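I would like the entire structure built from these sequences, with the hints used as guidance.
Sequence order for the protein chains is G, H and A.
Heads up: the first sequence begins at 1 in our numbering, then just goes up one per residue.
Heads up: the second sequence begins at 1 in our numbering, then just goes up one per residue.
Heads up: the third sequence begins at 1 in our numbering, then just goes up one per residue.
The hints are simulated quantities; they were obtained by calculation from the structure and are not laboratory data.
Wrong hints could be hidden among the right ones.
So, partial list: chain H residues that the calculated Cβ filter (under 10 Å) puts toward chain A [claimed, not checked]:
#1 Gly-76
#2 Tyr-80
#3 Trp-120
#4 Gly-123
#5 Ala-125
#6 Lys-127
#7 Ala-129
#8 Phe-142
#9 His-143
#10 Ser-146
#11 Asp-241
#12 Gly-269
#13 Thr-285
#14 Ala-288
Pairs of lysine to aspartate or glutamate, EDC-like flavour, derived with a Cα cap of 20 Å [unchecked claim]:
#15 G:Lys-81 / A:Glu-5
#16 A:Lys-326 / G:Asp-274
#17 A:Lys-312 / G:Asp-274
#18 A:Lys-85 / H:Glu-87
#19 A:Lys-312 / G:Glu-306
#20 A:Lys-326 / A:Asp-14
#21 G:Lys-295 / A:Asp-14
Since the structure is predicted, the reported quantities are computational estimates derived from the model, not experimental observations.
Note that the Cβ used here is the ideal one computed from N, Cα and C, for glycine as well.
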Amino acid sequence: MPDRGRGCDAEPLFVFPVARGPSAAAPGTDVVAPTSLGDAGTVSTETRGQAELRALLRGLPGVDRVGAEARAARLAARSVKAAAKARAVDLAISMVDLTTLEGADTPGRVRALCAKALRPDPGQPDVPSVAAVCVYPDLVGAAADALAGGGVGVASVATAFPAGRAPLAAKLADVGAALAAGATEIDMVIDRGAFLAGDYLKVHEEIRAVRAACGAAHLKVILETGELGTYDDVRRAAWLAMDAGADFVKTSTGKVAPAATPPVVLVLLEAVRDYRAATGRAVGVKAAGGIRTTKDALRYLVLAAETAGRDWLTPDRFRFGASALLNDLLMQRRTLATGVYSGPDRVAQD
Amino acid sequence: MADEMTERIPVRKTYKLFIGGAFPRSESGRSYPVADADGAFLANAARASRKDVRDAVVAARKAFPGWSGRTAYNRGQILYRIAEMLEGRREQFAAELRATGLDGAAARAEVDAAVDRWVWYAGWADKLAAVFGDPAPVAGPFHTVSVPEPTGVVGIVAPDGPLLGLVSMLAPVVVSGNTAVVVASEPAPLPAAAFAEVLATSDLPGGVVNLLTGYRAELAPRLASHEDVNALDLTGVPDADAKPLAEAAAGNLKRLFSRPADDWSREPGTARIRAFLEIKTVWHTVGA
Amino acid sequence: MDVFEYAPAPESRDAVRLRASYGLFVGGEFTGGGGAPFTTVEPATGEPLAEVATADAADVDRAVAAARAAQTAVWGPMPGRERAKYLFRIARILQERSRELAVLETIDNGKPIRESRDVDVPLAAAHFFYHAGWADKLGHAGFGPDPRPLGVAAQVIPWNFPLLMLAWKVAPALACGNTVVLKPAETTPLTALLFADVCRQADLPPGVVNIVTGGPGTGRALVAHDGVDKVAFTGSTEVGREIARTVAGTRKRLTLELGGKGANLVFADAALDEAVEGVVDGAFFNQGHVCCAGSRLLVQESIADEFVERVKARMATLRVGDPLDKNTDVGAVNSAAQLARVTDLAAAGEREGAERWSPPCALPEHGFWFAPTLFTGVAGAHRIAREEVFGPVLSVLTFRTPAEAVAKANDTSYGLSAGIWSEKGSRTLWVAERLRAGVVWANTFNRFDPAAPFGGYKESGHGREGGRHGLAAYLDV
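Here it is in structure tokens:
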């Protein structure tokens, strides 16, 4: 068999680190680009003026919709097979923010979810834990108790999720309550109304205020891209959030359609790549809402690796906000291990 | 054995309406008997009500953005698929047409012509913009182009020629991206109702074509006056009945098309395509 | 470090059953050829694939006679609506056999399976669909009520898009009522011969499509044959000139689709990520074996450094290698001869003072390979700025104003394609109006559609293929 070559990526282009929960990401382990959430870098701390923000955001290059969607579609055609797929599935599991955000949520439901987060598939002890469990603020206590010491983060949506239509004081109280109950990560929503009205300063100030309130907790900023309407504004909102101190930019609440889509995530990945080039600070991306299958998840990993770079292939830099996705990943994992298509009876339906 | 003595009892088909890609009975629960050319009972056809007209228009409107938003190439492929599916059921439709009184050869010829008609219109999908649109050489620094676009929801009152006439009216409406509500032939509705089964298995999105059987005098005025219908083809309406329908259509200034039901076997021109097109002219400045 | 990359994802070769030898397709039959057979080689490995017959003058004679007989007796008199049905059949069979065609194209040509699967084969089928629809509507095409066919068309096609170029030639010719004798390129005859089998499955009347394989001698005999009414050629400008001389003074109609030196004009206000994507695709799609390739990047000086860095970063993610791997972006150069030409021109670029760059690249040891290459500091006088490289080589030049961009883009003897990247519509249209090129893409590149005419200004050829305008090449109008 003649040598068919591997091509230009003498340095392997697309690599996944061994998947581990965030707790395992100690210095010196095999994570490609070890970082902690919100890794050090310059965050703008000085107050910016409205005119300055407008100049910054409107000076960003536009996004051509046709081209961006074509690029995302082309990357979706990448084929991830065999051993690469097995590692990608584990990596994806370790990136899941296992989420329940329903009016009917109860402490019992949250405890069940936390058990699953710690040990997603009791039949397969080598399955990594998920990255975090994401709940409403009033259930953070239940989640924190259930997850204590397990290395899985406690994330809470706050700031009057999902619409964000509340006074800043109420939003900060929301954040404060979640933190007091033990949240280690805050998923805030931006004021889309203010953003669309051109009041970038209000959005910026709110994020900065929440950032300050978060202290050591990690801040994910939900842009609700489905309400922004254009990729140009997705890019602007991402830069606004990063400039105001976001540790992650996150697509969606999951309450608005469309939620995460490959082109939207592509635009966010381009934004974090360019933002790091400009400032030295790496910001994570969280794709949330509508991601239900392993195939979807792998496509996002391909997007991350080929757009932002493979050092984004870590739970510290890429997350999935999802619930049903986890079971599909677990079924795929069983399928890869056994060669038999698995079914929903094999995984817990929590 | 008793089998040798017993004739097999055929399973009869229920003929229903076709709305939004589904086959409901009339919401009214009504039907009417359809007889063959000799007056013998053939089947009960659904007798649509004004509420069925309303539902059909809602379905057609809902389907319009998707259908008109598809690429012309894709619409052409689907129209060609309709031809393929109809070709595969030539025997069935020849039998349906014989029941309406055509002799065997005429029935077969009509089915063949109906298949070829879909093929003909399928080829128009990705050509009509090039033939009916054009750049406008305006005097000034502008790039100006006029493009044909579908007008919207089109009501079709089909003629009594049960298949070829229907196909010849329907294909030019949907080829450009319009959606349609069809009132089938009143005395011979069964081939139309059966044709809906072809449409339902041809990758045509639900709601693009909605087909009602019933009393023309009851349904056509509802369609003609409906304010969410953009155009009306009255070719199947006898001259005497056309004027009040045209007057009703004036309420929201529907585009009207009515040509004498000529010889459907002739190659159609482009008038029926053009009748249901709008022309949009886009101006853009030119300057570095 | 425990890491991994995409596992190999090769498309199976089982979709294709290669024969040891292939004959000509004349009058509906596969026959031998009078010339010495030649070998077609797999570019990715350099290994022989099959032996193929060479048509000599007598074979060309037979093929033209078969085409003439079919045109006069069957295809010409046939009503358009029936001709249409044959073309629709061919389109459907191309769709049904798409996997087989894609794999065979990739093996014989060296292009990535992703391209043959997603571009070449679906577009070839689309060309037959589109032209099938014209067959019975020629009276609506704007050339009068009843335009007549020319007769027998001699068609010579290149190796860069073997099946697609066949479709561009055969579909309109047949739709208009002509019959054809087609000569595929010497290095890529296999999909054309598979197409002959498609014609047989479609029950296309014998003699309507005839395929003669061989080298330049076969092509010359075909083009010069007294029995053809029309010559259509796609290939190099050099050969196009020779063909123009050959048909000079005859009654033959001629259309030529020749070389190019396309430019991508990137303005400072462009959507940069998409512009990078388009520039990289424009230069490296199909290994740069594209007559309309964007082989020159003209970038506004104010963003040139940043933009070139972005282009380099994107080039570094191109995956070069096994064309059958579904993740491969850049495949093999088609032949040893073409590799030598690309290598020579790249060397000339360096000698003339341009700065050469390629991403780190482990190329396969066997077969014909050339790493994606970027030249900066290119001047308008350099050979790599003026000559068609027809390989994965991109030359970067800069401009300061829109007027200068237009002047530099037009500063070539070619005139096939150009790309404009700007978020400002009025400037895009202003520039487009001034470009001497047959195809201008704005914020995209390398788009092809049967409904859109394609062809060049100046020495990129004359005549158009595709769309309503393309019909004129095969009608007596």
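>> Which constraints among the numbered hints does this structure fail? Numbers only, ascending.
In response: 10, 11, 16, 21
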